[in-house]
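Engineer: Listed below are the residues making up each chain.
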Amino acid sequence: MPDMESAAAAPVRIAGVDERVLAEREERVSSHRRDVLFDVENLRVSYAGVPALKDVSLEIYKNFITAFIGPSGCGKSTFIRCFNRMNDLIPTAAVEGTIRYHGADLYGPEVDPVEVRKRIGMVFQKPNPFPKSIYDNVAFGPRVLGWKKNLDERVERALRQAALWDEVKKRLKASAYSLSGGQQQRLCIARCLAVEPDVLLMDEPASALDPISTTAIEDLMHELKRDYTIVIVTHNMQQAARVADMTAFFSVDVDEEHDRRTGILVEYDTTPTIFTQPSDKRCEDYVTGRFG
Amino acid sequence: MSVPADTLARSSQGDRIRGTAFYALLLVSITIGFLLLGVLLVDVVRKGIGYVDPTLLGEPNSSDPNEAGAGPAIRGTIYMMLLLLVMVVPLGVGTALYLEEYANRDRWYNRLLEINIQNLAAVPSIVYGILGLAFIVRGIGLGRVLLAGAVILTLLVLPTVIVASREAIRAVPDSIRQGAYALGATQWQVVWRQVLPAAIPGIATGSILALARAIGETAPLLLVGALTFVSVNPTLLGSFTALPVQIYQWIGRPQEDFRLLAAAGIIVLLAILLTMNAFAIWLRNRYQRRW
Amino acid sequence: MTTHDLTAGAQPEALPLRAAGRRWGEDGIKLVLALCALVSVATTIGIIVALVLPSIEFFREISIVDFFSGDRWAPLFEPASFGVQPLLVGTLVVTFWACVVCLPCGLGAAIYLSEYARPRVRSILKPALETLAGIPTVVFGFFALTFFTPLLQDLGVGVNVFNVLSAGLVVGVMLIPVVASVSEDAMAAVPQDLRDGAYALGSTRLQVSTRIVVPAAISGIIASYVLAISRAVGETMIVLIAAGGIAQIAFDPREQQQTMTAFIGATGIGDVPTGSIEYKTIFAVGLTLFVITFVMNMISIRLVRRFREIYE
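Just so you know, the protein sequences line up as chains A, B and C, in that order. Taking my numbering, I'd label the letters of the first sequence as residues 315 to 606. Taking my numbering, I'd label the letters of the second sequence as residues 2 to 292. Taking my numbering, I'd label the letters of the third sequence as residues -16 to 295.
Hint data in this document are derived by calculation from the structure and do not stem from the laboratory. Here a beta-carbon is modelled for each residue, glycine too, at the ideal position from N, C-alpha and C. Hints should not be assumed to be uniformly reliable.
Said to hold, decoys possible - Reference excerpt, derived from the structure (chain A facing chain B, CB under 7 Å, subset only):
(1) Val335
(2) Leu336
(3) Arg431
Claimed, not checked - Which bits of chain B does chain A cover? Going by a derived footprint, with three or more residues having C-beta under 8 Å, they are:
(4) 171 to 181
(5) 185 to 193
Turn these sequences into a full structure, and let the hints steer you where they fit.
Structural biologist: Right under this line is the structure:
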């Protein structure tokens, strides 16, 4: 139970976060309807029997930006990869618990991971454009899905949504590697958007980029959230405060006896709350920079 | 405490002599091979250059060295190379894809598969000839035909192509695969549309080098019946000969002129090999991606 | 802002969950690829069957004891004799002389490339060494017969026209790249720290190479030796051309001798009737050859794996 008195008495401050930004977040969160898109219940992930993440339960809301923050090693990346079943690609990974997507169990026996990934897209930490042209990168998804018609329009639309069209429209056939880091990442976003997903998962999308590219990506996220639901992992708290409507703080549970470190969800609330009135001390310590 | 300069000098002199002597030995080691190679090339060219002419390239063998040529032999070698290309590349790449992209490394049968391939790479080439003799020539009664030779050479160089293809496939970064999976591609789509295209330069280089090695093989072909007095052009199911076999046959003739003819054949063979190797290296330099 | 173009096959928002029938195409592809992989298994099985079955028949007629203890090999003579020792000795002598050349020179070349050569020199020499390895054996055989043997004769070494010395030495040179490249890989895997530690103590390059690097890489070096010996045993063309066709037990390298491989080659060319005892000798000798090289290859593969494990 949150200690309301002490919380109200001393609101927490993080350096570099504007009051106005938090106010904007507060406004959006309170005015926007909360439709549950993902319902996570008691999720546990282990690699070769060793638990990496346990007892995670939360809800992700439609058209919100949700951020996972926390110190390194607390399982944020592992968690986000559960949403599009990318952990399936790791032979030793085992996922227990449920994630419901539009009410249906993502890990149900009938479910095909390939279909899941068509609806839930992912952008990775290090931009990973394919060794092909800009056009072919964006067109890869539609082609693989069998959408052969109107390819040019789809590519243009995706590139526009990713705010990259103007910069590359004259050189679509150029190699994707000729783009700068920030542009490559936007290309990867455009690539995701071209398959018209529901959800965009972003695993530290700007951590490998310079500050200007980072701002561009964050602006993009604000644009995209109107049509997509976005989940982002970030180790940059200021970024979480700037873009996320909801924030989940993860930490590490240390089991001295078995020498195990397992990730756990500590607190999940609206961003302004997490950053100004966190209930859990660990969360408060983290956002004020006392540790982590 | 200072060390007198001459102690330093003295102790290092013995070392220096030993060091220089050792270095000289090493240099000898490495130059012996090249020396022999150089002498060999010079000798072969000197002996054979006189006989390199259209007769050599076009005419069939004959008992008169002045009229004998390696026409059918060269054609046989080229046909076999083409057959080899068609057979060994799909098999080798297919096996490599299976081992790299599909096989679960923990399963015992997949590990056995890998050991098996390593072992096959080191089996003497003549044993492949015995294999061909037993199964293809006599076993199913196909006889001593071009196809038999091509099949045996395919099996002989298959391990080499597999190893080269595996390396090329492994070199493709995993981030590319992850990106493709994340877009909803199936495993085959990832392999066919991303991994293979990126691995093609490495696969091509490795295949050409493997083919070059196959072209020079003689022993298995002797057993599988590359008859050495073939005057007709080779057909798939007909008797055949190949350049290295023709060279071997000429070497075995008593007349001195046939030795020179053999040298000429060697020049042609080496020229073909040099071209193939140079092409493979050019391919690698031009298309190799630095990830 | 974005419209979801439903006619183009976009996915409806209210998800009635996905797919799917099992993707049969994917399973089919995995099957096809696995079949490709099975070709190599079939090859091994084929080799074993091809060698073992006729050999069993052979050893029904000729006792194994006679085979390995007899010292006269004359399968085509009257009376025929099937003692394989001459062939074994022939192979042994050729291999010996090959080792005299390739073991020291291969190691020396490897030490040079690994410890002494500058990167630019190395980048030229390594591919050049590979070129040596790419020369067809029939070319080496030609060289041994028509250049090296006369050379030896001119030098006063009274060798026969066909002799194992010439063939053996040339086989040795051919195998230098084999020893050099595997040994050099093994030496390259030795961490630089070991060398630095020794240099820092004032060791010379000679000392570091011979007392630190070579011992550390020893399993890889031995692997390369075993591999080279295996290749020497299995080498056919050079000995077929230059070492002779008379199976006899002789330890004087100036004489001619027939090796196991040369016998198989010479007999296989001819039109020996299928099913005859002479035909089966091909397989009996072949099996002996295969077993010897197989054992050596397995040892070599094990050793290579060991040195990889230690340092990687």
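Engineer: Indicate, hint by hint, whether the structure satisfies it.
Structural biologist: The hints, checked one at a time:
1. Val335: violated, 30 Å
2. Leu336: violated, 32 Å
3. Arg431: Since chain B brings a Cβ to about 4 Å from Arg431 (chain A), closer than 7 Å, the hint holds.
4. 171 to 181: The restraint on the region 171 to 181 of chain B holds, since 6 of its residues have a Cβ under 8 Å from chain A and three suffice.
5. 185 to 193: holds (count 4)
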